[in-house]
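Engineer: Letter by letter, the chains look like this.
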Amino acid sequence: MEAPSRREALTDEDLLKQAAAGDQSAFSALVRRHEDRVFGIAVRIMGDRADALDATQDTFVSVFRQAGSFRAEAAFTTWLYRVAVNACRDLLRKRRRLPEPTDELPERPRPGIGTEEVVGLRLDLARALAQLPDEYRDAVLMHDLGAIPYEEIAQITGVALGTVKSRISRGRRRLAELLEQPAPTSASKDQDG
Amino acid sequence: MDEAMTHDRCSELLRGYARGELPDDVSDEVRAHLATGGDCRAEERAVAALAVTDGVDARPLDDVERARLQRGLAQELFTARANADVAGAAAPERRWARWIAPAATAAAVLAGVLVMTLGGGADDAAETALQPFSRAGEGGADAGGADDSAAQSQAGGQVEDKRGRRRGLTAATGQASTESDFAGPEQPAPVFDPDGGTITTSELSEIGRGRLFRSFADSYRPEDGPGLYDRFLEQLTTDAVALGPQIEACAATLPQDGSLIPTYATVGEYDGRRALVVGFVTGDPGSRTLDRYLMWVWEIDVCEQPIDTLFERIDSG
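Taken in order, these protein sequences are the chains called A and B. 193 is the number that our numbering gives the last residue of the first sequence; the numbers go up by one with no jumps. 317 is the number that our numbering gives the last residue of the second sequence; the numbers go up by one with no jumps.
Read the hints as simulated data drawn from the structure, not as lab findings. Please note that the accuracy of each hint is not assured.
[What the hints assert, rightly or not] Here are the computed distance ranges between Cβ atoms for each label pair:
no. : chain 1 : residue 1 : chain 2 : residue 2 : range
1   : B       : ASP195    : A       : PRO133    : 54 to 62 Å
2   : B       : GLN305    : A       : ARG71     : 25 to 33 Å
3   : A       : ALA147    : B       : THR238    : 14 to 22 Å
4   : B       : ASP54     : A       : THR78     : 22 to 30 Å
5   : B       : ARG274    : A       : GLU177    : 55 to 63 Å
6   : B       : ALA242    : A       : GLU152    : 39 to 47 Å
[Stated by the list, open to error] Residues from chain B that face chain A, not an exhaustive set, calculated with beta carbons under 8 Å:
no. : residue
7   : MET5
8   : THR6
9   : ASP8
10  : VAL47
11  : LEU50
12  : ASP57
13  : ASP63
14  : GLU65
15  : ARG66
16  : PRO194
17  : THR198
18  : THR201
19  : GLN305
Here the structure is a predicted model, which is why all the values come from computation and not from measurement. Every residue gets a Cβ at the ideal spot worked out from N, C-alpha and C, and that includes glycine.
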């Protein structure tokens, strides 16, 4: 097991490889590195901090279980965001199907996710985000959910500013198209992509 | 005015436009551009849909949430795997919303950390089928084993012996509980080691799987946790003297649902940093046994983020 300071110098992909080999500390380091960003996406999609914490946990559980199959064809964060959006989508789907019993948390109002209609809107959005091409989803999540300026996204992703603008613009248009499509009636159409 | 509003510029302004953040004149320009139709209208629909994500409490994870996430992951991933290895058991379900009690209480601690009282989440069916529990003096581990050469030769080896002998587990026993019918003179009490020396992960793992933690696992039940937590934590903080507040502050970042029984603490050098270690025995909600240990390593005076955590079976290895 590597000491934390040495792990800090490792790339996400290296840590994931070590985690896939059974190194729990490497996985913990990976979680610590990305938990805030995943939570930031999840809390906006879920609308509730407790649900966002669940989605964050589900995200990292999926990451751990799929660590061995990660092929590094995309950046780790791109894959992570995809898994996070899928986790939110799945959790929202369960929330809509199985609403929380009202007597379970009587003193804990959940204004962000209080109505079936709002849950439906969030689920539609999560579903559409899950279907976006990776590079569009990354850009839209960072800018429109995360309020990260174009220039900073260009720095983070290492692509040209014009490309960032183009991805956000195209991503939004594709998102609008996906949102206008009827929701799939079969769970098989909604599998993780 | 509108002729200066290109598609690119409109696209760039849409987020602020949808949130009413633009100056009036710029907002008018965007509106006029949108009225001409085209791609920006489609973008506007997406941005409007994304507005459902606004207005949420999007502060970063706080200390308590971060600790819950780490512990939840440890339990869900590594407990599930261990359970599956041992008994083919299904993965434990962790849902924070169920854990958070309606009457969550907040208390200021040294570092201003929020302490939340968590609900239990125990499995009723499992509770009705509790098996006889091995207690100290009834065939379980010998809590007074500092002089027990047989116990010293068991797994845990030198580190276990080093800790057990140096601190004298026998001397740490005898903290009889008035709340628990399991309390008695043979029952183990938590150990504070004032000089952990150079601490390594493997050494902590050996301690976690060693005699002290085994004696706790053999002597207490999961349901003893709520009754023991405060008393044992107080004992550790008392023994630790000046470091007591640090132990208390860092422990306050962990779930307070009674599932953790304070067992061990030490200070030393971990990866070049002065570090505090606090160890607990624990088990899954609804579990019949305390068969896991949790070891948290914090840099001294920094409770926000542990340097490392260990969560393993006590009898493994």
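Engineer: Work down the list of hints and note, for each, if the structure agrees.
Structural biologist: Taking the hints in turn, this is what the structure says about them:
1. B:ASP195 / A:PRO133: 54 to 62 Å: Hint holds: Cβ distance 57 Å, inside 54 to 62 Å.
2. B:GLN305 / A:ARG71: 25 to 33 Å: 31 Å, holds
3. A:ALA147 / B:THR238: 14 to 22 Å: 48 Å, violated
4. B:ASP54 / A:THR78: 22 to 30 Å: Distance hint for ASP54 of chain B, THR78 of chain A holds at roughly 24 Å.
5. B:ARG274 / A:GLU177: 55 to 63 Å: 57 Å, holds
6. B:ALA242 / A:GLU152: 39 to 47 Å: 44 Å, holds
7. MET5: 14 Å, violated
8. THR6: 11 Å, violated
9. ASP8: At 6 Å from the nearest chain A Cβ, ASP8 of chain B passes the 8 Å test, so the hint holds.
10. VAL47: 6 Å, holds
11. LEU50: 5 Å, holds
12. ASP57: This interface hint holds because 6 Å falls under the 8 Å limit.
13. ASP63: Violated: closest Cβ of chain A sits about 12 Å from ASP63 of chain B, beyond 8 Å.
14. GLU65: 6 Å, holds
15. ARG66: ARG66 of chain B check passes; min Cβ-Cβ to chain A is 7 Å, inside 8 Å.
16. PRO194: 23 Å, violated
17. THR198: 12 Å, violated
18. THR201: It holds, given that the least Cβ distance between THR201 of chain B and chain A is near 5 Å, below 8 Å.
19. GLN305: 7 Å, holds
Violated hints, listed in ascending order, are 3, 7, 8, 13, 16 and 17; each of the other numbered hints is respected by the structure.
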